[in-house]
Structures are given as structure tokens and as C-alpha cells.
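Number of protein chains: 2
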Amino acid sequence: MEPPVVGMAGGGQLARMTQQAAIALGVSLRVLAGAPDDSAAKVVPDVRVGDDRSRDDLLAFAKGCDVVTFDHEHVPGPHIVALEESGLPCRPGSAALAHAQDKLVMRERLSGLGVPCPAYAHVPPSDPEAFLEAFAAEHGRPLVLKATRGGYDGKGVWIVDGPDGQAERLLAEGVDLMVEQYVPFRRELAALVARSPYGQGAAYPVVETVQEGGICTEVIAPAPGLSDDLAAEAQSLALRVADELDVVGLLAVELFETETGLLVNELAMRPHNSGHWTIDGARTSQFEQHLRAVLDLPLGSTEPTAPYTVMANVLGGDDPDVYSRYIHVMAHDPAVKVHMYGKESRPGRKIGHVTALGADLDGVRERARHAADYLRWGTAMGEKVKREQK
Amino acid sequence: MEPPVVGMAGGGQLARMTQQAAIALGVSLRVLAGAPDDSAAKVVPDVRVGDDRSRDDLLAFAKGCDVVTFDHEHVPGPHIVALEESGLPCRPGSAALAHAQDKLVMRERLSGLGVPCPAYAHVPPSDPEAFLEAFAAEHGRPLVLKATRGGYDGKGVWIVDGPDGQAERLLAEGVDLMVEQYVPFRRELAALVARSPYGQGAAYPVVETVQEGGICTEVIAPAPGLSDDLAAEAQSLALRVADELDVVGLLAVELFETETGLLVNELAMRPHNSGHWTIDGARTSQFEQHLRAVLDLPLGSTEPTAPYTVMANVLGGDDPDVYSRYIHVMAHDPAVKVHMYGKESRPGRKIGHVTALGADLDGVRERARHAADYLRWGTAMGEKVKREQK
Chain B
1 MEPPVVGMAG GGQLARMTQQ AAIALGVSLR VLAGAPDDSA AKVVPDVRVG DDRSRDDLLA
61 FAKGCDVVTF DHEHVPGPHI VALEESGLPC RPGSAALAHA QDKLVMRERL SGLGVPCPAY
121 AHVPPSDPEA FLEAFAAEHG RPLVLKATRG GYDGKGVWIV DGPDGQAERL LAEGVDLMVE
181 QYVPFRRELA ALVARSPYGQ GAAYPVVETV QEGGICTEVI APAPGLSDDL AAEAQSLALR
241 VADELDVVGL LAVELFETET GLLVNELAMR PHNSGHWTID GARTSQFEQH LRAVLDLPLG
301 STEPTAPYTV MANVLGGDDP DVYSRYIHVM AHDPAVKVHM YGKESRPGRK IGHVTALGAD
361 LDGVRERARH AADYLRWGTA MGEKVKREQK
Chain W
1 MEPPVVGMAG GGQLARMTQQ AAIALGVSLR VLAGAPDDSA AKVVPDVRVG DDRSRDDLLA
61 FAKGCDVVTF DHEHVPGPHI VALEESGLPC RPGSAALAHA QDKLVMRERL SGLGVPCPAY
121 AHVPPSDPEA FLEAFAAEHG RPLVLKATRG GYDGKGVWIV DGPDGQAERL LAEGVDLMVE
181 QYVPFRRELA ALVARSPYGQ GAAYPVVETV QEGGICTEVI APAPGLSDDL AAEAQSLALR
241 VADELDVVGL LAVELFETET GLLVNELAMR PHNSGHWTID GARTSQFEQH LRAVLDLPLG
301 STEPTAPYTV MANVLGGDDP DVYSRYIHVM AHDPAVKVHM YGKESRPGRK IGHVTALGAD
361 LDGVRERARH AADYLRWGTA MGEKVKREQK
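If you read the sequences in order, they're chains B and W. The opening position of the first sequence corresponds to residue 1 in our numbering, with each subsequent residue numbered one higher. The opening position of the second sequence corresponds to residue 1 in our numbering, with each subsequent residue numbered one higher.
Treat the hints with care, since some could be wrong.
For chains that are exact copies, the list does not tell them apart, and a pair is met inside one copy or across any two.
The calculated DMTMM-like cross-link candidates involving lysine to aspartate or glutamate, where the alpha carbons are at most 20 Å apart (straight line), are [unchecked claim]:
| id | residue 1 | residue 2 |
| --- | --- | --- |
| 1 | 155 | 360 |
| 2 | 350 | 2 |
| 3 | 343 | 46 |
| 4 | 343 | 2 |
None of these hints come from the bench; they were simulated from the model.
Just chain B, with the same shape it has in the complex:
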């Protein structure tokens, strides 16, 4: 009669924030972390330190768990298959997760389902530059080169003007490559849904995501000015993909909004940066929703708690003493919510996020940006404050 133990492979901030939801639900979270000072390892008592790319470490960690889920996409598929063959439910399962682990597998499957995607092709190892030349002739320039596996936060993606030797160099390093048409998008959106083994689905409001240098810096929920039709289309698309791919847990579908409609950019099958706003801005946080889904519990309400919620990521800046800046941020805006990840601050690293809520979108964005910029600190912010003090 003990509540279940959910194992999460990976000790990053997604596992850390899942712990907050596990505490409320009274379920036990066990984390497989790479190091004892990983973001989640600092806040979860049941930590196994190990390598989540090691089959032995993964199997040892999973023993005694009732279900295993993932903080990232980097656990090798064959290890997940081994877990499944041992009788342990992995959610999402290896077959679904393959589509979040390999961008080419994902593109082929989605195209097969008729889901709109940018034009793409696998880059052949022999004479890749000639291949890219032909691809560019058909789909235009620039070109988007992507490592099929292992990328995140803009890593593993290269935008090149044309064939310039980059593909050849990457292939020589052993990187499996695909090429995609560069999409001239209006903006990026994300549709976050959850699906349970029972088959229940739940969709959050569609959000706008703002990226800088391949890193998500801001999320606006709901996406301002998005038509009801496009919002419904994005939600339906995400629910359909979750269903077709047999996803269990969360599915984040990153989308390009273009002149001619929506195109799928990426998939993630876990809590996602585009859903951090739900901790403060929705009745059920994405972390609670993920737990409910992988435990096959009925899904929670995705109703927003405010007309607009804006999440801004806090990146590491010039001065790592972020805590000393809480006093300004909290005094300046008593309603802004601060979420820090317990990670060492390094320039450009995602070390936390802030959330602001309200009815006045411009004001809410400004509040979230101010808090995130101030916590980040750095030369630019210091100069802005100096200017304002003059």
C-alpha cells in the first residue's frame, strides 16, 4: 500500500522541479544523477549517482522503481529496451522515445503521418557537399544542418549559407547529419500535451517561445494574437502525434508559425522549457502532469491562473552571486516568482527562470524580463542601471 516509486533518469532541473510535484502527490521520486551536486540531486533524498548512458547503472537504478521516466533524451534506446524486457514500464517507451532521440526518425515518421514539416534529407557520407548543393538548389538557402542525435539548446544545429565544408568536417568527426530547409517563420510556438497509458490526453494553451542563440529565453502563454483556429490546430496536431507515436507522459511539439501555416520543428517527450510557466500559471504544473501521466492517473486541469503568464529564463552572467540580487528582484516586484535550479552560474548557462502573471501583456513581459535580466546581471544590465541612476 506504499505509494509508487517513479524513477527519473537524469538529474537536471526537470527532475528537480518534478520533485516539487512528487512531494505534493506523496509519490517517491528516485533520480539517477551524474554527480551528487546535480540540480535534482541537491533536493531529492533517493539519488543514485551513476551514468545514465551505462546499461548497468540504469538497470541498478531502476530496480525497485514502479515506472521509469526521463529528464532528457540521451539514455540509449537499447538500454530502455532492456528495461522494458525486464518487465519495468518505461514511460515514454523506447519506441516512442526514438522519435525524440533521432531527428531523422522523427521527420520520417511525421512525414508519413502527413504532419507538416520543413523539407529535409539525410546527408550521405559520400560527396555531402554536392548533395547539399542540390538540396539548396531545390529548397533555397541558408541550409540548416542538424546532428540527427544528441543535440539540445541549439547545440547540434548549424545554419550555413551553403555547402562550405562544414558538413564534410562534421561527418569526418562521426556526426550523423541531416539537412533541412531554412524556414522563414513569423515566430515559434510550442504545443504541450500529456497522454496517459489509458489514452487520456490533455492540452495546455499554445505558447509563443522566443529563442536567442538557440536557447529559449522567453515563453508567453498563451501565444498573443494566435487565432483560435491555429491554436486548436496546434493542440490537435500535438495530441494526434502523441497518440500515433504512443507517447506516455508529456509531449512538447515545437512549431514554426509561417505565412502558410504550422510546421513541426522539434519534439520532446518530457517536461519542457516551454512549459515552465505552468508551475505558476496553470492549475496543474507540467511536472505534476507528467507524473500523473506516467503513473496512469487521470490528468489534471490545464486551465491558466491568469490571462497572461510570461516565463523568462535566467542565464548565468558576469557575476555568479545570483542570490545577492534576490533582494532587488523581490522588492521591485513582490509578485514575480523566482525558480532557481541550484546550478553553478556560468555565462550563458540556464540556471533558473522567473514567472510574471497578469492581464497587461506588455507589463507582464517587462516584469519577467527585468527580473531575469537583473538576476543574470552582466555588463549590459550594469550599464542600464547606471544610466537609470543618472
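Given the coordinates of chain B, assemble chain W onto it according to the supplied hints.
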């Protein structure tokens, strides 16, 4: 430049829920728990197992903390003084906490401040029954006997029709006793405020609390139909008491609403059952607010997230397998929030709470009650369900 370590003496559900707030703020929570399976010990990595009534255990636990705070009122005052003399900030401090630890000290101080309280007296060890007879002649019957120290959840409180030997028996057992006038109240209210060392104060909306058998079973935020004047009076009273008593952290003031105005019933200087609704129902949870206060950070917004929030405590019932009943509760009401404390279910024990939010007060109360009753289960609920199924 590491964020601070907050030590909390006591490993109950208040420490457990404080961990959720500590995770977001990126501060470290260390807990002194009586046993490794205490409610908070299950979710906090930095646990010291010991006796929080032992001076040695308390001092060892506190070493390395930046500030010490409390999950309950039962740490002996002299031990807190010893901590303070070692230079460690205790928040609230021993001088303030004495008023939450000893009901007679509290009554004397509040009366001295002109804060309205029920008539009270210390029960003398010699001929207590004659003393009570005289008290009853002046203030009416029944009488409320209270242990001056150590009570909680209705324990340490006895309502007697008159002098019946109960006081004599308790005194013989070494219980220090006071007597209070029985207040014919309309209802019970609670005013929750926070105060920082800097002197900032913040008040939550005043709530109505419903008790059964001395245990809080339901909290309605804000208290329905409470006039703006009485609400402001209750908030001002609580802020004034916090200031006069130099409280740092949260102060919950339990109040009787009577025909002639407000009377103070009890004080607590910590997160309080009457504030659990704030996790889902206010922009800043009481647990985050307590951390902000004891860390001398600016206090957070107490703005509600819905017109009404109702919290119902989940008590242990006949069938301890509470988790198996999540499926009904969550399917029945996807927006109800479940908070379980990781405590073994025993009949009548507080093992969790649920929260419902919305604009329709009757509907919100019914939703919270249904979820709490169903999770509790028991003969009465089983019979109700059987009747409905017929």
C-alpha cells in the same frame, strides 16, 4: 556565494511543504527530524535525525545553518536561547516564540497590549475546584481548561461543564493549567501575516476555519461575508501583534468572531494549517513567505489566484490505502489539488489536504469536501457511495 542554509527543527508536514518552496528559491533546507521516515525526512536530502527537545541534538543540527526556524512550538526555550547566544539567528527568536509556546504568557502579553482575548486565569494548584467555581460564577459555563504548554490539534484543551475534578486530576499529573471563558462564537477566523527582520509585514486575506473535535477540517479563503472593516481589523491586529512581539517569519492568529467583535484564541509562529490554501490559492505560498521572512528577503505578494479557495484536510480513515483512491478523486475533478504528507494513515490523523478554487463558493466547498472525504474513506463515505449507486 552559496545560497543560505535554512535549518528547520521538526520533520512534519510543514517542513515537508517548506521544501517545495526552498527548491524554487534555490536555498537549502536542513531538517532536524525525529525519525528517518518523518514526513519531511522523506523529501529532504539534508536530514539530521535527532530529538529536537535535546540541546545537544539541536546544537549539532544547527551547526552550518545560516538561520534556524521551527516546524512546531515544542523546542524548549532555553535551547533556543543557547542557539542565539552562540550567534546563530533563530527566527522567530526565543522571546517571541515564548508567546506561542505558553498560552498563559501569550494571554498576559496580549491583554497587556489591549488585544481582545477571552477572560482567563491561571489555575492555582491549591483548591483548584473552588477557584474554578468562582471563575464560573463570574464568566459562566462551560469552562475551557487548557494546558499552558504542549497542546496541539485540540490536545491539551478540555471543555468542562464546571468544576468536576478534571482540573485536580490534571494538576496531579503535573499539567500546568489555565482556565478560559467559553466564547459563544459565530465562527472561527484566522489572520496570517509575515514579518521580516527588516520590519516588513504582509497580510494574507483573512480566512474562516472550520474545526471538528479540535482539528481543523476546512479553511475558506477569504472568509465568506466578512465585512471589509472586520477583515482589516483582523489583519491590523495580527500585524500589530507580530510587531509588538518581534515575530520573524509567519504569525497565524486564530480568532473568534463573536456578536461583539473579534477575540484572539491562539497564536502560532510558523506555517499554519489555516494557510495551506496559499500553495494553490495565493501568488506566494505561506511556505515561500516564511522562508523569505526568515531570510530577510522582501516578502511576496499575498494576492489570491481565485475568488475563493477552499482547503479541506484529509484525515486518515478506515482504509489506509489512500493512493488507490487518487484515480477517483482526480477523474471526478481534474482541477482539485492533492497534497499528501507521506504519513502512515491512522484514523483521524492529518495525512494530507486538498484544495479547490473557483468563483462559486458552495461548489468549491463541495468539491474540496468530496475529495477529502473520498481520500479519507471510511464507513460513512462507503455508505454514501452505496446509496448513490442504488
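Copy assignment of residue 343 with residue 2, given that the CA separation must stay at most 20 Å: Classified as between; 10 Å across copies, 32 Å inside a copy.
Evaluate residue 155 and residue 360 at a C-alpha cut-off of 20 Å and name the case that applies: within, between, both or neither. Result: close neither inside a copy nor across copies, 34 Å intra and 49 Å inter.
Reference check for the pair residue 343 and residue 46, CA-CA at most 20 Å: within, between, both, or neither? both (19 Å within a copy, 17 Å between copies)
Copy assignment of residue 350 with residue 2, given that the CA separation must stay at most 20 Å: Close across copies (17 Å), not inside one copy (36 Å); limit 20 Å.
Hint 1 from the earlier list is the only one contradicted by this structure; the remaining hints agree with it.
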